[in-house]
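> What follows is each chain in one-letter form.
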Amino acid sequence: MSQSDWAYLSNDLIYVALALYALSFLSYTYETAFSLRANKISGDKHLDRSITTKSRKVASIVFFLATASLTLAVIARGISAERIPLGNMYEYSITGAMTFALAYLIIGLKYDLSWLGLPSSILILLILGTAITLLYRPSAPLVPALQSSWLVIHVSSAILSGGIFLLSNTVAGAYLWLDRIERKGERSEFAKRLPSLESLDQLSYRLVAFVFPLWTFAVISGAIWAEAAWGRYWGWDPKETWAFITWILYASYLHARVTAGWKGRKAAWLCLIAGSSYLFNYVYINVWGSGRHTYSGL
Amino acid sequence: MSAPELGTTSLLRYLWRQLTSMRTALILLLLLGIASIPGSIFPQRTQSPLKVREYFDDDPNGAKWLDRFYLFDVYGSPWFSAIYLLLFVSLVGCVLPRSFHYFKEIFKAPPEAPSLLNTMEGFQVSPASLERAEAWLKKNRFRISKTGKSIAAEKGYLRETGNLLFHLSLIVVLLGIAGSSVFGMRGEAIVNVGERFINTPTNYDNLTPGRLFSLESLPTFTIRVNNFSAIYDRQTTQALDYELKVTTKDSLDSSEVNQIVKVNKPLTFGSTRVYLQANGYSPLVTVRDSAGLVKFEGPVPFLPQDSNLSSIGAIKVPDMDPQIGFVSSFFPTAARDEVRGGFSSFPELLDPRLLLSVWKGDLKMDDGVPQSIYRIDTTDMERIGLWALSIGESYSFEVGSITFNGVVPWVNLQVVRDPGKQYALIGSILAIVGLLISLFIRQRRIWVREVGGNLEIAGLALNKLPGLEDEIGKMIQELGDQK
Numbered sequence: 001m002s003q004s005d006w007a008y009l010s011n012d013l014i015y016v017a018l019a020l021y022a023l024s025f026l027s028y029t030y031e032t033a034f035s036l037r038a039n040k041i042s043g044d045k046h047l048d049r050s051i052t053t054k055s056r057k058v059a060s061i062v063f064f065l066a067t068a069s070l071t072l073a074v075i076a077r078g079i080s081a082e083r084i085p086l087g088n089m090y091e092y093s094i095t096g097a098m099t100f101a102l103a104y105l106i107i108g109l110k111y112d113l114s115w116l117g118l119p120s121s122i123l124i125l126l127i128l129g130t131a132i133t134l135l136y137r138p139s140a141p142l143v144p145a146l147q148s149s150w151l152v153i154h155v156s157s158a159i160l161s162g163g164i165f166l167l168s169n170t171v172a173g174a175y176l177w178l179d180r181i182e183r184k185g186e187r188s189e190f191a192k193r194l195p196s197l198e199s200l201d202q203l204s205y206r207l208v209a210f211v212f213p214l215w216t217f218a219v220i221s222g223a224i225w226a227e228a229a230w231g232r233y234w235g236w237d238p239k240e241t242w243a244f245i246t247w248i249l250y251a252s253y254l255h256a257r258v259t260a261g262w263k264g265r266k267a268a269w270l271c272l273i274a275g276s277s278y279l280f281n282y283v284y285i286n287v288w289g290s291g292r293h294t295y296s297g298l
Numbered sequence: 001m002s003a004p005e006l007g008t009t010s011l012l013r014y015l016w017r018q019l020t021s022m023r024t025a026l027i028l029l030l031l032l033g034i035a036s037i038p039g040s041i042f043p044q045r046t047q048s049p050l051k052v053r054e055y056f057d058d059d060p061n062g063a064k065w066l067d068r069f070y071l072f073d074v075y076g077s078p079w080f081s082a083i084y085l086l087l088f089v090s091l092v093g094c095v096l097p098r099s100f101h102y103f104k105e106i107f108k109a110p111p112e113a114p115s116l117l118n119t120m121e122g123f124q125v126s127p128a129s130l131e132r133a134e135a136w137l138k139k140n141r142f143r144i145s146k147t148g149k150s151i152a153a154e155k156g157y158l159r160e161t162g163n164l165l166f167h168l169s170l171i172v173v174l175l176g177i178a179g180s181s182v183f184g185m186r187g188e189a190i191v192n193v194g195e196r197f198i199n200t201p202t203n204y205d206n207l208t209p210g211r212l213f214s215l216e217s218l219p220t221f222t223i224r225v226n227n228f229s230a231i232y233d234r235q236t237t238q239a240l241d242y243e244l245k246v247t248t249k250d251s252l253d254s255s256e257v258n259q260i261v262k263v264n265k266p267l268t269f270g271s272t273r274v275y276l277q278a279n280g281y282s283p284l285v286t287v288r289d290s291a292g293l294v295k296f297e298g299p300v301p302f303l304p305q306d307s308n309l310s311s312i313g314a315i316k317v318p319d320m321d322p323q324i325g326f327v328s329s330f331f332p333t334a335a336r337d338e339v340r341g342g343f344s345s346f347p348e349l350l351d352p353r354l355l356l357s358v359w360k361g362d363l364k365m366d367d368g369v370p371q372s373i374y375r376i377d378t379t380d381m382e383r384i385g386l387w388a389l390s391i392g393e394s395y396s397f398e399v400g401s402i403t404f405n406g407v408v409p410w411v412n413l414q415v416v417r418d419p420g421k422q423y424a425l426i427g428s429i430l431a432i433v434g435l436l437i438s439l440f441i442r443q444r445r446i447w448v449r450e451v452g453g454n455l456e457i458a459g460l461a462l463n464k465l466p467g468l469e470d471e472i473g474k475m476i477q478e479l480g481d482q483k
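Going down the list, the protein sequences come from chains W and P.
Take the first sequence: its position 21, counted from the start at 1, is 21 in the UniProt record's numbering, and no numbers get skipped.
Take the second sequence: its position 111, counted from the start at 1, is 111 in the UniProt record's numbering, and no numbers get skipped.
Be aware that a few hints might be false.
Part of the chain P face toward chain W, derived, beta carbon under 10 Å [as the list claims (entries may be wrong)]: (1) Gly33; (2) Gln44; (3) Lys51; (4) Val182; (5) Arg186; (6) Ile190; (7) Asn192; (8) Glu195; (9) Glu243; (10) Ile260; (11) Val263; (12) Ser271; (13) Ala424; (14) Ile432.
Keep in mind that the hints were calculated from the coordinates and are not lab data.
Glycine included, every Cβ here is placed at the ideal spot set by N, Cα and C.
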């Protein structure tokens with residue numbers, strides 16, 4: 001197969017993944033809608049879960065297949081460009097979506113995350129949709145500044161951190177939503193299936209605590225690379241500045257939890273703010289920002 | 001009775017305690033994050049001085065006010081420095097006393113069990129004996145202390161060590177950064193292919209030594225630029241590879257070495273490194289007066305304006321009477337359209353063209369005011385001609401002629417001495433190690449007390465990491481299995 005064949009294959013696989021994620025999203029919606037309706041009709045407090053469990057199972061399987069297709073698409077893209085597919089914003093987006101989906105699946109082996117399927121599939125659809133329509137660039141070699149083995153180390157640790165930050169943000173978001181419901185009164189029959197507030201709180205903290213050293217490493221490996229490529233390890237480039245801000249916000253979050261004993265609502269908000277600074281860095285600085293990290297290819 | 005007087009010492013002690021409290025450190029940390037935002041919004045002098053100048057041109061009054069608050073020099077501003085210095089002091093004041101405290105704590109026995117165990121975490125009751133519980137705790141490498149009918153056990157002492165290691169390493173990083181700015185230097189020089197760069201202060205286009213860096217200590221290396229090749233993608237015009245071939249000498253009397261420099265492969269001379277930072281073109285021109293005498297000859301570096309290396313430049317001939325200046329543009333691959341006029345459509349030298357507008361009058365080079373080498377102040381000058389040249393062509397104007405002989409590439413060499421960077425790196429690595437230890441080691445206590453033939457067991461997770469209840473559950477199960 002020629003390089004352009006691999007590139008086309010990668011694009012096709014992205015479309016397949018998009019279709020499958022959409023299908024998975026619809027099944028999750030069906031599951032949610034059905035249990036809500038059943039709740040209204042039956043009147044009593046018990047749900048017939050046999051139908052919703054089945055559609056959830058379908059949704060999970062389709063989600064898994066979609067992620068497999070996405071992973072193959074990322075690999076094919078890498079083969080077509082003969083390098084790690086992290087050279088521009090399109091590649092960063094599809095690899096980021098893959099990381100998020102894989103983190104969701106792998107962490108789902110230990111904790112039950114299937115209740116997060118609906119928001120996760122929406123997020124992935126949004127990322128992939130934006131990538132293929134707005135950010136797409138043909139497969140091409142790297143610019144000289146990116147020709148370094150640090151690309152693999154720095155960018156993949158940054159992207160892995162990003163995927164898990166996004167997951168912890170989703171959990172914190174779910175916490176805040178359920179917290180609002182609980183403050184108004186009892187949880188609805190649908191929300192009762194979701195994990196307790198306490199376990200959501202714990203989960204988002206554990207995700208951050210797990211990934212914070214990796215994010216620190218991403219920033220430091222970036223500094224080592226910048227020293228080799230640009231002659232300084234830290235120059236307050238907009239992207240560096242926002243990576244620093246993200247680091248500080250997550251450091252404050254961990255501090256606030258461990259030493260100041262923050263929990264629950266306050267901690268969830270801080271987690272969301274910290275995660276948003278990562279997203280801001282990714283979207284705003286890449287597309288509209290200036291500075292030396294201008295590799296989006298846009 | 002009068003209220004106790006608040007003396008200066010107690011006031012200072014109060015302020016010190018406030019500054020070094022965890023709360024203040026946290027607030028300062030958040031403030032540092034917020035304070036670094038404006039630097040990503042407004043152009044910064046250290047990174048893009050040209051954009052700052054544009055800002056001043058577009059809105060002089062607004063820019064003046066922004067400048068008063070150091071918004072174009074955020075990371076060197078007094079308020080930014082104030083925040084990180086306070087954070088630094090707060091960190092030292094917070095971490096050092098804690099290290100002493102925990103250092104003593106490490107050799108202490110775990111504290112005695114609280115009177116009511118059932119209010120602690122993971123409280124359970126087991127029919128096992130105290131001796132067996134002790135054996136279990138010992139086997140699982142808890143440190144234990146026994147008093148009468150109760151045992152206190154603790155494990156995971158390393159956690160606090162990791163925490164301290166992390167914070168102390170941050171101090172090392174900050175000292176490394178400070179060391180670089182005081183004892184280091186950085187400078188830039190534009191060198192045409194074929195020329196030689198000797199590392200002396202006068203050969204730099206700009207040079208920023210640290211406060212305690214003496215210019216005499218510049219290492220005496222030389223770099224001869226032999227060849228520079230840039231390869232571009234034909235379709236996208238994107239750069240694929242830059243390669244610079246040089247011959248270097250560590251000092252004036254040492255032997256010559258041939259080396260290759262790339263964007264990610266700088267040259268190293270001891271603690272000084274030389275980076276390939278930018279490249280462009282220098283048209284080779286000869287200017288003659290009306291008698292045919294050569295008044296200027298050589299390559300003139302032009303400043304690239306876009307990725308296709310459309311460049312602007314100035315050829316200044318102060319030796320002619322009247323003085324002559326050429327405000328010029330250079331296009332490596334000349335193209336034309338209605339919107340942009342002349343421009344370059346490819347960064348390689350496929351169809352090089354030099355555009356000149358000739359000015360006569362006063363170049364103002366004797367005022368002592370530093371001038372841009374790429375621009376000419378034409379306020380007191382008069383334009384006497386306008387022409388475009390291809391290689392080999394000449395143009396005659398009122399008082400002389402100019403010949404466009406050819407083009408050589410130039411490279412921008414960035415010379416950096418950064419003696420603190422190793423410390424910053426070591427500090428960063430230690431910080432990650434400390435972080436991993438403090439985030440993943442669970443420090444916890446388990447208390448066991450014999451009450452009426454049964455054992456009451458409970459514990460405390462000191463850094464709130466989950467897992468203690470499972471551990472106590474496992475302990476009770478294993479104590480039961482041993483029966």
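> Hints first: check each against the structure and report whether it holds.
Hint by hint, here is what the structure shows:
{"no.": "1", "hint": "Gly33", "in the structure": "holds, 4 Å"}
{"no.": "2", "hint": "Gln44", "in the structure": "holds, 7 Å"}
{"no.": "3", "hint": "Lys51", "in the structure": "holds, 8 Å"}
{"no.": "4", "hint": "Val182", "in the structure": "violated, 15 Å"}
{"no.": "5", "hint": "Arg186", "in the structure": "holds, 7 Å"}
{"no.": "6", "hint": "Ile190", "in the structure": "violated, 15 Å"}
{"no.": "7", "hint": "Asn192", "in the structure": "violated, 20 Å"}
{"no.": "8", "hint": "Glu195", "in the structure": "violated, 21 Å"}
{"no.": "9", "hint": "Glu243", "in the structure": "holds, 9 Å"}
{"no.": "10", "hint": "Ile260", "in the structure": "violated, 13 Å"}
{"no.": "11", "hint": "Val263", "in the structure": "holds, 4 Å"}
{"no.": "12", "hint": "Ser271", "in the structure": "violated, 13 Å"}
{"no.": "13", "hint": "Ala424", "in the structure": "holds, 7 Å"}
{"no.": "14", "hint": "Ile432", "in the structure": "holds, 6 Å"}
Checked against the numbered hints given earlier, this structure breaks hints 4, 6, 7, 8, 10, 12; the rest are met.
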